[in-house]
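Asker: Quick mapping for you: the protein sequence lines, in order, are chains A and B. One point on numbering: in this note's numbering, the residue at position 43 of the first sequence is 43, and numbering is uninterrupted. One point on numbering: in this note's numbering, the residue at position 165 of the second sequence is 165, and numbering is uninterrupted.
Just so you know, the hints here were simulated from the structure itself, not pulled from any lab data. Since the model is a prediction, treat every value here as computed from it, not as a measurement. Treat the hints loosely; a few may be bogus.
[Claimed, not checked] Taking lysine to aspartate or glutamate and the DMTMM-like style, the derived pairs with C-alpha atoms no more than 20 Å apart in a straight line are:
id, chain 1, residue 1, chain 2, residue 2
1, B, K187, B, E162
2, B, K57, A, D197
3, B, K87, A, E61
4, B, K57, A, E61
[What the hints assert, rightly or not] Partial chain B-side listing against chain A, Cβ under 7 Å, derived:
id, residue
5, L62
6, R82
7, R85
8, F90
9, E94
10, Y96
11, R235
12, I239
By construction, the Cβ of each residue, glycine as well, lies at the ideal position given by its N, Cα and C atoms.
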Amino acid sequence: MINSMLILALMILASFRFIFSFIDFSETQLASPILWITFFFSGMFALAPVYMREVEQGTKEGLMLAPISPSAIYFGKFLSTFVIVLGLNLFSTVLFFVFFAQPFPDMVSLLTIIILGTVGFTALGNLISAISSNLSQSQVMLPVMLIPILLFTVVMTSVEATFQIFDGAVLADIMDGIKLILAFDIIFVASGYLLIDYIIEE
Amino acid sequence: MTSNFAGLMADSILKAKGIRKSFGKKNVLNGLDIELQKGDVYVLFGSNGVGKTTLVKILATLTEQDKGDISHFGMSGEEHTRDIRRKIGFMSHEPYLYRDLTAWENLAFFADLYSIENKEKKIEEMLKMVELYHRSFDRVGSFSRGMKQRLALARTLLHSPELILLDEPYSGLDLNAQNMLNGLIKKMNGQGATFFIITHDIEKGMEIASRGGVLSKGRIIDEDIGKEPEAFKSRYKEILGGEGN
Chain A
1 MINSMLILAL MILASFRFIF SFIDFSETQL ASPILWITFF FSGMFALAPV YMREVEQGTK
61 EGLMLAPISP SAIYFGKFLS TFVIVLGLNL FSTVLFFVFF AQPFPDMVSL LTIIILGTVG
121 FTALGNLISA ISSNLSQSQV MLPVMLIPIL LFTVVMTSVE ATFQIFDGAV LADIMDGIKL
181 ILAFDIIFVA SGYLLIDYII EE
Chain B
1 MTSNFAGLMA DSILKAKGIR KSFGKKNVLN GLDIELQKGD VYVLFGSNGV GKTTLVKILA
61 TLTEQDKGDI SHFGMSGEEH TRDIRRKIGF MSHEPYLYRD LTAWENLAFF ADLYSIENKE
121 KKIEEMLKMV ELYHRSFDRV GSFSRGMKQR LALARTLLHS PELILLDEPY SGLDLNAQNM
181 LNGLIKKMNG QGATFFIITH DIEKGMEIAS RGGVLSKGRI IDEDIGKEPE AFKSRYKEIL
241 GGEGN
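Given only the sequences and the hints, what does the whole structure look like? Please build it.
Answerer: Below you can see the structure in the form of structure tokens.
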């Protein structure tokens, strides 16, 4: 499973490298979207089975029977996917610098944005994954529900902040972006905490 | 093995009154009443599709009834759900086991969910009890249906529940395993555990039942099992015949 995600990230970045080898472009301009598109699609692969596998294996009811709150299940799954997706994103970032031979920007700022963006991505992704696991055609419903919300919140803000970092900005210059991503993170984590009872017990 | 505690409210393990449940226009449970006392082995018989699984899932707090009141161990309401679940063990059609984990890892995971102390010793004891100790470190995905069922039983009993709900526990088990299961039920019942078992296997069910009934048309229509078991069997067959089975 993790191997498949790493290979997917590698393939996405390799595809971009291959495509852009024929086009004259400014890598500084495109670095940020390339990086976040890679994070976005390879991360989606990690989110899909989080709750769906519980339903497919028939283990969801086993979890529900346990004397634990649904929010404990949510946070357990959120933390484990966060660690996996963050690892995947860091791996993709290393690959990105290998493939595109970019000069290193301010790495503290870049890591901050990657970590905060990953929190929002996995918090919302887990919630949507739980909702979609109750639906028929859940594999299709996950991206259909997740992409619009994520794209116009965490991803766009992260892309903009990352663009500034590649353009020479440091942490102090991107504080507005950081605050906005933090706000999205808090909203998504709080939504997961408040709604998961109704979603899981359904 | 008939309960000696009937009528004592303090020993009422489960009380359900007027339970109704429908799916769309189909009424599955129609004002069903049931009460279990400590030490009962209540076996509910019924043909396929009469609502046995729906009932047991309601009693296990997994499904909510449309109408009616249920109390477990004198507690009711959503605020007590976790306390109730801690005291219930439920074995369903689904084994609730992770295929990618070993038998040991599965039990260890559930032991953590139930905060079981000294879990290694308990897991070892459970695996030996269901005769799967020699397969402790094999992945569940490689197990046969019967082995999964036995491991599911170990998972169900791992946290020493006071009320054990078993949904068609004999299906998928060979004769030896069925006998082992009944032996285990008798042993645990002797130690004070209360059982609610649903099955359509009248022979195996009657071996262990201290009380029982037949679910038909959304209600329990015959609970007179103890006095004349043979007469109960014939009535059960008549009920099945009446339902077209």
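Asker: Could you grab the alpha-carbon distance between K57(B) and E61(A) and see if it respects the 20 Å cut-off?
Answerer: holds (10 Å)
Asker: Have a go at the F90(B) hint: is there a Cβ in chain A nearer than 7 Å to its own Cβ?
Answerer: holds (6 Å)
Asker: Could you check if R235(B) really has its C-beta closer than 7 Å to a C-beta on chain A?
Answerer: violated (33 Å)
Asker: Using the nearest Cβ pair, does R82(B) come within less than 7 Å of chain A?
Answerer: holds (4 Å)
Asker: When the nearest CB of chain A is found for E94(B), is that gap smaller than 7 Å?
Answerer: At about 3 Å, which falls below the 7 Å cut-off, the nearest Cβ of chain A leaves the hint on E94(B) intact, so it holds.
Asker: A closest beta-carbon separation below 7 Å is what the hint needs, so does L62(B) meet it against chain A?
Answerer: holds (6 Å)
Asker: Can Y96(B) be said to touch chain A, with a Cβ gap under 7 Å?
Answerer: Holds - the Cβ of Y96(B) comes within 7 Å of chain A, reaching about 3 Å at its closest.
Asker: Would the pair K187(B) and E162(B) pass a check requiring their Cα atoms to be no farther apart than 20 Å?
Answerer: holds (13 Å)
Asker: Next pair to validate is K57(B) with D197(A); report whether the Cα-Cα distance is within 20 Å.
Answerer: holds (18 Å)
Asker: Just to be careful, I want the Cα atoms of K87(B) and E61(A) compared with a cutoff of 20 Å; is the pair within it?
Answerer: holds (16 Å)
Asker: So, R85(B) near chain A? Judge it on the closest CB pair being under 7 Å.
Answerer: Holds - the Cβ of R85(B) comes within 7 Å of chain A, reaching about 5 Å at its closest.
Asker: Double-check I239(B) for me: the hint is only fine if its C-beta lies closer than 7 Å to a C-beta in chain A.
Answerer: The hint is violated - I239(B) has no Cβ within 7 Å of chain A, the shortest such distance being about 29 Å.
In summary, the numbered hints that this structure violates are 11 and 12.
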